[in-house]
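On the provided structure of chain A, position chain B as indicated by the hints.
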Amino acid sequence: MLLRFDRTERILHWTNAVLFGVLLATAAALYIGPISAVVGRRDVMKTIHVYAGLALPVPLVLSWVGPRWGRRLRADVRRINHWTPDDHRWLRSRGRVGSARVGKFNAGQKLNAAFTGGAIVVMLATGSIMRWPQPFRLSWRTGATFVHDWVAIGLFVSITAHLMFAFSDAEAMAGMVKGRVRRTWARDHHPVWHDEVVAPAADEEPVTS
Amino acid sequence: MVLRARSHEVATAARPAAAGTPVGRRVVLGMIGLGAGGILAGANIQDALTRWLAPVFAADPTGLSSLIPVAGRFRIYSVVGFLPRRRPNEYRLKLDGLVDRPLDISYADLLAMPATRLVRDFQCVTGWRVPKVPWTGVRLSDLLDRAGVQGHAQAIKFTSFDGLYTESLTLAQARRSDVLVAYKIENHVVSAEHGGPVRLYVAPMYGYKSCKWLARIEVTTAVEPGYWENQGYDVDAWVGHSNGRDDHATS
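Protein chains in written order, with the working numbering: chain A, 1 to 209; chain B, 210 to 460.
Chain B on its own, in the form it takes in the complex:
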C-alpha cells in the first residue's frame, strides 16, 4: 500500500513541471542580477537616495526613517551588553600615568576650559559616513599640558567606562589640534548612544579611534592596541590610508 502510494507520487510529481514557464528560476536569476548590479552601482544609488530622502528625514518626528538604509546617518555601536550611562553631574575624567599633576576633573571643569568647535565628516571603518558633524570639546593637548606630560612619555591610552573598550594614540597624534575631548555633538550634549556625556573625537581617523564613554586618559610609554585593533583593525587608523580603504580624508 505504501509503496503503491509512492509510485503514484513520483508519477504525478513530474507532471506540473511539463507545463508552464520557469518563473521561479527567472525570479532567482533576476534577483542575482539585481544584486550584482546593486554591488556595482549601489554606492551611487545610495548617495542619490540619501539626497532625495534628506527632507523626509529632517521632517520625521518618529525616528522610523532611521531604519531606511541610506548613507549619512550614525549607527550606534557598543561592544558591551548594555548602554553605558553616566549623568553629567556624576561624571569624572581621570588623566594620569606619566604626568606631573594627575587630573581628576568633573564635567563642569571641562566646560570651564577653552572650547574648540570642529565641523568634520565622521567616517566609520565599516563604510558609513556622516557629513559635516559639528563637535565641541576641549583639545586633548590642552588637558595634557595642564597635567604636564613627562619627558619619556610616548603614547596615550584611553579607557571607556563601559568597562571593556580601550583605545590608544601616539603622543604626537594626541597633540593634534583636531583631537578633542568632546562634550557636544551636532550642537547637543553627547547622548549615551553617542558615547556621552564625554567622549574622545579623533577627527582624522576612523570612528573606532574616537573612544566613547571616556573615563580615563593614561599617559604611557608605548601604544597599546585597543579593542578593535586586537581584532585586526589598524592601530594608525588614518581615514583613507588604513584598513585597506581609500575614503576621502576627514581632517
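The shape of chain A in the complex, shown without the other chains:
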C-alpha cells in the first residue's frame, strides 16, 4: 500500500466536503424557487450559508501553515500547480491517451482542484459583497450576485462530476478515506507517481506500510 493522502489532507478534504455540502444545500433552499417554497426559513438558511462560507478558508489555511502537518499538502499543491506537456495531451484526449505519463494527479484532477480553489476565492469575495453591500455601488452588487450565481452553477457541475468519478473508482475513494492505495492501482493510474514513491533507489526498500 502506498500513502496517497496524509491525515492533514484527509481532514481538510472531508471538512471542505461537509462545508460544501452545507453551502450547496442552503444555496438550494435560498435560490431554487420550489425548494425555497418548501424549506422556507429564509433567515436561518441565510445565516447558515454565510457562516459556512466564511468557515471555508479556515481549514485550508490551518492545514497549509503547519510546518510539519502541512508539508504534504503544500507538496501536492505544487504538483497540482505545475503542468507538463503530458497534461495537455491527457486533457485533449480526455484521458484516453497519455495515462502512461500521469503523475500523482491527472490533468482533470489538477483542473478540478485549481477551479475549486479559484471558486472559493471568488465566492468569498462576491458573497461578502452580497452580505455587506453598503460600501459598494448598486451595479457592483448586482455584478457580485451574477458572478456568485454562475460560479455556484459551475461548482455544482464540478462537484457532481467529482462525486461521480470518486464513486466509480473504489481505490481512489480509499485513498481519500483511509489514505492508502494499492500499489497496482497506483502503477495503473498514476505510474509516474508510483515510480517516484516506489523506486527511488533500487537498493532500498520501497515506501510501503
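Hint data in this document are derived by calculation from the structure and do not stem from the laboratory. Check each hint, because a few of them may be wrong.
Stated by the list, open to error - Using 20 Å as the maximum straight-line C-alpha spacing, the simulated EDC-like pairs for lysine to aspartate or glutamate come out as follows:
(1) A:Lys178 / A:Asp76
(2) B:Lys366 / B:Asp351
(3) A:Lys178 / A:Glu9
(4) A:Lys46 / B:Glu438
(5) B:Lys366 / B:Asp456
(6) B:Lys303 / B:Glu433
(7) A:Lys46 / B:Asp371
(8) A:Lys46 / B:Asp313
(9) B:Lys341 / B:Asp351
Unchecked claim - Partial selection, computed: residues in chain B whose CB lies under 7 Å from chain A:
(10) Gly247
(11) Ile314
(12) Gly360
(13) His361
(14) Glu395
(15) Val432
(16) Val444
In this text, a Cβ means the ideal position worked out from N, Cα and C, and glycines have one as well.
Okay, now just chain B, sitting in the frame of chain A:
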C-alpha cells in the same frame, strides 16, 4: 523504516514542481480576474443575457430555465419552514383595530368590490427586479373607507397567515392609490408561492413591504417594524430611496 520513507517523499515531492508551467496558478488568477470583471460588468451582462434568453424562457414548459441566473424573474421567499396554503373558499381577511365597522370578509367579497389593475416593475431589496408585472386587486383605501378609520389612527399593521411575518405602513402610505389588496398577479390567481390567495401589493416600495399570505389588516396608532425591518431593513422602503439602494422608482 518510517523515517527513511519520509525522507524519500520529501525528496520526490519537489521534483514535479521543477517541470512544467504553473497552469494551476493561472487558472486561479484567471478566475479571480473573471470574477472581478463580472462584479464590474455583471449587471450589464445579466441584462443582455436576460434579453437574449427571453424567448427561450417563454417557450420552456419544464421550468428548468428558472434555474439560470438571469434578471427579470421572481424568486420565492418564505420566512417560515413551509409554504402557507389556503384555498380561496376557506380564505378570510380581517380588518380591525381602530375602525368603526370591523370587517371579516371572504375571497368572494373581495372579488365583488371594485377592482384596480396596475402594471408596475417589482423590485426586491436583494437586487432582482421583474419588469411590468400586472396586479389586480382592491385598493386598500377602499377597504379602509368601508371599515371607517377612526380619527386618532396613524398606521396599519399587516399579518400573514404564515404565523410569523408582519408588515406596517403609515396611514398616509396605506391610502395611496397604488397600494392594493391583490388577488391576481400576472393575470392569474395569486399562487401559494406568490403569497396567495390574497396578498398585499405596495407598488412604490421594496418587495418585503408587500406582505404575502395576508390574513389581517389592523389599524393602529403607530408603525410597528415588520419581520425584516427588525433585522435591519428600512421601515419606509421607497424603491430607490431606502436601504442604501438607488434603483429606479417603481411607482
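Report task. List, from low to high, the hint numbers that the structure doesn't satisfy. Result -> Hints 5, 8, 9, 11, 12, 13, 14, 15, 16 are the ones this structure does not satisfy, whereas the remaining hints hold.
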